[in-house]
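Chains as they are written, first to last, in this note's numbering: chain A, 1 to 251; chain B, 1001 to 1269.
Careful, some of the hints might be misleading.
30 Å max Cα-Cα, derived DSS-like pairs, lysine-lysine [what the hints assert, rightly or not]: (1) B/Lys1105 / A/Lys77; (2) A/Lys107 / A/Lys35; (3) A/Lys34 / A/Lys10; (4) A/Lys34 / A/Lys107; (5) A/Lys108 / A/Lys129; (6) A/Lys78 / A/Lys129; (7) A/Lys107 / B/Lys1105; (8) A/Lys35 / A/Lys225; (9) B/Lys1105 / A/Lys19.
Please keep in mind that the hints were generated in silico from the structure rather than gathered at the bench.
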Amino acid sequence: MSTAEHNEVKVQVKNLTKKFGSLHVLDNISFDIKKGEFMCVVGPTGCGKTTFLNMLTKIYEPTGGELRIDGELADPKKHNLACVFQEPSSFPWLTVEENLKFGLKIKKLPEKEIQERVETIIRIMGLEKFRKSYPGQLSVSSEQRVIIGRAFAMQPDLLLMDEPYGQMDIKLRFYLEDEVLRLWREFGTTVVFITHNIEEAVYLSERCLILTNKPAAIKEIVENKLPYPRDIAGEDFITLRKHITEQIKWW
Amino acid sequence: MGGTNKSTVEERKKTAWADWGYRLLPVLSILLLILSWHLASSNSPDSFPTIQATWERFLLLWEKPIMRVSYPGHILASLKRVCIALFFSWLIGISFGIIIGWNRKMDAFFGTIFAFIRPIPPIAWIPLITIWFGIDEFPKILIVFIGAVMPVVINTHAGLSSVEQLYLNVGTAFNANRFQMLFEVAIPSALPSIFAGIRTSTSTAWMVVLAAEMLGAKSGVGFLVVRGMDGLDMPLVLVAMITIGVIGALLAAVTNFMERRLCPWMSIR
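Please model the entire structure based on the sequences and the hints provided.
And the structure:
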């Protein structure tokens, strides 16, 4: 991806505020996400990370502020958003192939394009032998790959991932972290990845957004220029991880 | 290494024996039933027909039709009523269940009336339906329909009103419209529940048709029971009862087969 393209602002978040009655969850958040950027969002547990993400997907409407994609107000009808939830969210009644097609069919893309995109995802994710299997027949990691693949198949303007590896063991997490980086590079997708795991945030992100305790505001946006693939035992890696941990501490 | 092989062989032997055991147990239970029938009937053959007498009556039924309808004819007459009633009860029951399960206003409107009508047994409708429609084929089918439609509506409603929020969120995130949300997410996720309703409706329909036939019919397996009772022909009653059991089990097998074909993901869990 060229530097010029990478500097282009894809998503603009301006004075975003969310209140549920008297509960103030998000407080006046403003930042930009560049095109093709991988941004991680970290913060204390229960600080409003998921609320923030649900506003991006329009599951919740913001109380104040706005969200723009390519300069226009974000509208799921106009823009292409995809989401990976924390829980395994593949549809048990669809085969792997049909699950990957789901979003594309909802969008009513031409059959030929659907087939091409699904084939690409199946190839990249190594899902050939599971093509006709149902999610109930897959291991947890394979199922999560289907869900991530389903999101990438949309070639979204913005891909939102809400602690997708939260319930997995360390081996699986490392494996799927590399997988998501591979897909990100292949498709040049703009990714917002929410996690409570600081090591994961440092391993993946180009920039890391640190939120404060509730009502969440931006504590700091950390630039992460470590070269990929990153070494979690490297000195720079550990320094960055320690810095983010210090910033998150609310006690 | 050798020890491992030996234990694997022993484990396999054990599994093979267990498999045989599971196949043998149903046969054993049927043999026990026949034996108890034999013991019970040999003491009072007048009130409880023997196996021999029942078998002979069964053979006679093939030779001599009752009311000019052959034995298979009686079975087909009952099955025809059941099939017509089931077709309409699935069509109407699933549609109605989807409407009240998916739309809260419809649920609020129809829910109360349905909750009131639901506990009325289909047999209780017989007097009214007889006055309205006589004793022709239609009223019998209608009574079966009333019995069969209730479980379909209840289960479809339950399935549609309890679709997992996560699946709906996925639909929202992919920007599915309301129509797509219903047909691509909610209905497929409710299919196991809908099928539970279909299974119950099939067995209910078979029970209700026999009751309807016992109250006024000139054909059908229920009619054979009444005919046997009126003529003190107990072997005929038993032949009809066994027929009811066998056909009922076959109907259950057919719905299981349908379920496996239409919801293949359910059997692999």
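Quick rundown of the hints versus the structure:
1. B/Lys1105 / A/Lys77: With Cα atoms ~27 Å apart, B/Lys1105 and A/Lys77 stay inside 30 Å; holds.
2. A/Lys107 / A/Lys35: Given pair A/Lys107, A/Lys35 holds - Cα atoms ~23 Å apart, limit 30 Å.
3. A/Lys34 / A/Lys10: holds (5 Å)
4. A/Lys34 / A/Lys107: holds (25 Å)
5. A/Lys108 / A/Lys129: holds (27 Å)
6. A/Lys78 / A/Lys129: At roughly 35 Å apart (the allowed maximum being 30 Å), A/Lys129 and A/Lys78 break the hint.
7. A/Lys107 / B/Lys1105: holds (29 Å)
8. A/Lys35 / A/Lys225: holds (16 Å)
9. B/Lys1105 / A/Lys19: Since the Cα atoms of B/Lys1105 and A/Lys19 sit roughly 29 Å apart, the hinted pair holds (cutoff 30 Å).
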